[in-house]
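Please put together the full structure from these sequences, using the hints given.
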Amino acid sequence: MKALSRYCIFFSIITLLSACVSTTQPSAKHVTDNGYVTDDGRVFGTFYKIKYASNGKDVKTEYLAALAAVDTALSTFNKQSTITRINQSSDSVLLEAKDSLFIKVYNKACEISAITNGAFDITVAPLVNAYGFGFDPDRSTPDSVLAELRNYVGWKKVSLSPAGYIKKENPNIKLDASAIAKGFGSDVVAQVLRKNGINDFMVEVGGEVVCSGVNDKGKVWSIGINKPIEDSTMQTFEIQRIVQLDGKALATSGNYLQYYYKNGTKYAHTIDPCSGKPVNHTLLSSSILADDCMTADALATACMVIGVDSAMSLINSLPNVEGYFIYAGKNGEYLEKHTNGFKFKQ
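Its first residue numbered 1, the sequence shown is counted upward by one per residue in this note's numbering.
Bear in mind the hints are in silico, worked out from the structure with no lab data behind them.
Even for Gly, the Cβ is constructed at its ideal location relative to N, Cα and C.
Among the hints, a few may not be true.
[What the hints assert, rightly or not] Heads up, simulated DSS-like pairs for lysine-lysine below, C-alpha to C-alpha not over 25 angstroms straight-line:
hint : residue 1 : residue 2
1    : 79        : 57
2    : 104       : 60
3    : 167       : 156
4    : 227       : 343
5    : 156       : 195
6    : 108       : 98
7    : 60        : 167
8    : 219       : 345
9    : 57        : 108
10   : 167       : 79
11   : 217       : 345
[To be verified] Cβ-Cβ distance ranges computed for the label pairs, FRET-style:
hint : residue 1 : residue 2 : range
12   : 114       : 343       : 26 to 32 angstroms
13   : 61        : 156       : 38 to 44 angstroms
14   : 35        : 80        : 36 to 42 angstroms
Here's what the structure looks like:
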């Protein structure tokens, strides 16, 4: 996504329905009477929440190590990360076995870029920073510089050779995986849990969710999708819809929390890589169901770029993917569209 940091909202919703640093931080852990563990903390500059039927196993050390490995691969705030090495390089970078997580996410990012005609693009970093939303923000960038920065955006301007060399066409090209990394973080935690024979769990990293099995009440996990109330303080929220998740991932992206006004103009955090400008259309929130959270996360961002009608066409064309979109009507009311396979809890 985001990617959009939605923890304040999702934490409350998941608690109700299921009864900024770059590395993982100490977290509170609690075990319920029927053997479910709840763990929450900070990672990737956002928050995580994990709840699972422990079956007598303590896997916290293992999944925190997995999250730390993702950070080492993808964090633009980690000076030793793979993505930072690439961003700081003026020449090709040889990727090794230790960079395997970056390679996996990079390949998925290219796949999503291809099927969305560039609406999702991890090379958008220079523009995201220039508009004040990225890892090196500056909201005073003049229009002439913004126009030049577009020359450094384009997923096809970066390539990975069979020999493992990643090459940028221009040293000024920068990568930002924030719109896919949180979803991938949820995936790697889910993988650790499943590997340890734990199949009843809910994993949420920065609002991107993977669920399996049942919660501590013996019921399928229920996850809320928020009404897109414009509130940059993230203090106001209402649930728009509830989705039941089992063996699926859910990612939501929106422009109603991260934005600012400058000279009377609203600037939303979603940047169109093709136009080089913040998006300006009626789509307020994009929620994607997929088999893995990395895919859902990236597609949710792409849909926010292309708008509701194109998003519906895109998601309907993809196998094993569903979409739910909230957009503004002519009078400011909330309207909805969703694909046929996106089911809500009644």
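Going down the list of hints, with the structure as the test:
no., hint, result
1, 79 - 57, "violated, 34 angstroms"
2, 104 - 60, "holds, 23 angstroms"
3, 167 - 156, "holds, 11 angstroms"
4, 227 - 343, "holds, 17 angstroms"
5, 156 - 195, "violated, 35 angstroms"
6, 108 - 98, "holds, 18 angstroms"
7, 60 - 167, "violated, 37 angstroms"
8, 219 - 345, "holds, 12 angstroms"
9, 57 - 108, "violated, 32 angstroms"
10, 167 - 79, "holds, 19 angstroms"
11, 217 - 345, "holds, 16 angstroms"
12, 114 - 343: 26 to 32 angstroms, "holds, 29 angstroms"
13, 61 - 156: 38 to 44 angstroms, "holds, 40 angstroms"
14, 35 - 80: 36 to 42 angstroms, "holds, 38 angstroms"
Violated hints, listed in ascending order, are 1, 5, 7, 9; each of the other numbered hints is respected by the structure.
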